[in-house]
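Enquirer: Join the two chains, each given in its own frame, into one complex according to the hints.
Protein chains in written order, with numbering that gives the first Met the number 0: chain A, 0 to 254; chain B, 0 to 66.
Quick caveat, the hints were computed from the structure, so don't treat them as lab data.
All of these numbers come straight from a predicted model, not from anything done at the bench.
Watch out, some of these pointers could steer you wrong.
To be verified - Here chain B is said to cover these stretches of chain A; the calculated rule only asks that three of the stretch's residues, wherever they fall, bring their Cβ under 8 Å from a Cβ of chain B: (1) 117 to 123; (2) 210 to 223.
What the hints assert, rightly or not - Among the chain A residues that face chain B by a calculated CB cut under 10 Å, a handful are: (3) Glu7; (4) Leu9; (5) Asp10; (6) Leu52.
Note that CB positions come from ideal geometry on N, CA and C, so glycine has one too.
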Amino acid sequence: MKCEEAHELLDAFHDGELQLASSAAMERHLCTCPSCSATLDGHNTLRTRVRRLGRMPAPAPLVARIGALLREENRLPTGTLPVRSWRALAASHLLAIGLGGVTVLGFVHARHAHTYTMQETIDAHVRSLLDERTLMQIVSSDSHNVRPWFMGKLDFSPAVVELDKEGFPLLGARVDYLANRYVAALVYGRRKHRINLFVSLADARSTAAMTSTARHGYNVLEWQTDGLSYRAVSDLDGAELAQFSELVQMRRGGP
Amino acid sequence: MRTALRKLPQDLREIVVLREFEDLSYQEISEIVAVPVGTVTSRLSRARALPKTLLVENDNRGRRNEM
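Chain B on its own, in the form it takes in the complex (with noise of 0.2 Å):
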């Protein structure tokens, strides 16, 4: 999940931080990353997908190494 993450890119690993770590809401990270809060939305909405993706990759890898 680390790797996922760190995998992300810059502009989207930062929403997550400041939302899933600092638990901030939309306007305060909107403030401090100064985009407009429909982009923080987005930017959520993107960096959430590519680690479901990338969870899914990893829970089939390891499904197979245990067949």
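The shape of chain A in the complex, shown without the other chains (with noise of 0.2 Å):
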């Protein structure tokens, strides 16, 4: 790497935000470019003196951008997903939490914490389709057999809707273990593609309105209702995944 390119580069560099091969690329060449390795240097020591200020007020148009986004979002109808990352969501409510005068350590956490979830509702996902014996403990897609079944196995009932006639067939379900706590997850079908629904207790923090998450293919919506979390992961496209989560909650009767 030249310094040219290396220059071009170097903010992306430290703000971590590189891919893997051109961030190697970059370490390599600081190694042997004293002037380069300055620069990043320089900017170590503006991100230590500037994060020391501690908090700096938004400016006017960034909080009113940030209020129409909130409008917007609230505006949105159930099952209209905003294109948005539920992050960029919550660092606009942060900010508009944050420039009431509120501190917003308490909701960086929680974002951190949510990432964090979402991250682990994938991989509990991913694990369970490893092997048909994973998915399924009970196979029925009769929900008058489901429901019951978690009887003694979770401190909460699980409601169990039938969506075979919207395409989204009841094949069965399992306890999985999710964050901190047992969990009710009930397999759906659509075509070839499997969806699980994980439903657990709700967090006093958690809040009604739907969010999506989109990582390494898959897609996961959560919400809250009737003090139940619902988080629905599929690699099954962004869209039919919503109209699924629409579905369950028209059931079920959701935010």
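Expert: As structure tokens, this is what we get:
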């Protein structure tokens, strides 16, 4: 890598935004280039001094834009998912709160915790697909078999809806362990795809608004209803998973 | 430093707030500010260059005062 290219990529490297290969090339260059290395040191010094300030008010137009984003989100009908990622949406909430003078630290932690939970949700989905035996502990398309099966296994009773006519047949269920608690995992099909619908007790901090996350080719939709948290995860495209989630909510009486 | 940041043009300052104080990724900043990721990168680069110049000036002034 030459200095010219390194200068172009230095900010992205500093912010951890480079792909692995570019990042490795940059590290090799920095080992041999005092000039670029000094520039990076300058970036680090600047960051330390800026962050030492604590917080800084956002410019008024940014506040206005965030307000507009929030209003736009609130207008979206159920099942119509915003294009923005949940993190960006969370950030807009975060800033709105922060600008009101309330500390944002807790929200930042909650944001990171949410990211971790979403990754765990995808991991649990992938793990369940490794073997049909791990996917379902009860194989049944009858909700009247599946729901009672959870009795004594969980401290709540998940509603189980049948969506065969809509093209999402119920296949079975299992108890899984996710985000430090036992959860109900309802398994649905869509052609050759599988959908895990994880149901657990909702946190007090949870909000009813639906959030969407896409990662590594998987989509996760999350919402809360009646004290329960729902996470639908699949490799189905976002629109079909949104349709599935909307059907579950309609039958359950979603947000 | 706070003064240096306040002197930044508004479009650069909002990127700094989102990146340095809220720790958002380029993609997230791009979605909130509604500009392409490339614009986020270039604005961030410009934003970082300006306070550095001011810092150097301040440091030099500080040194002169000490002499």
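Enquirer: Which hint numbers does the structure go against, in order from smallest to largest?
Expert: 1 and 2
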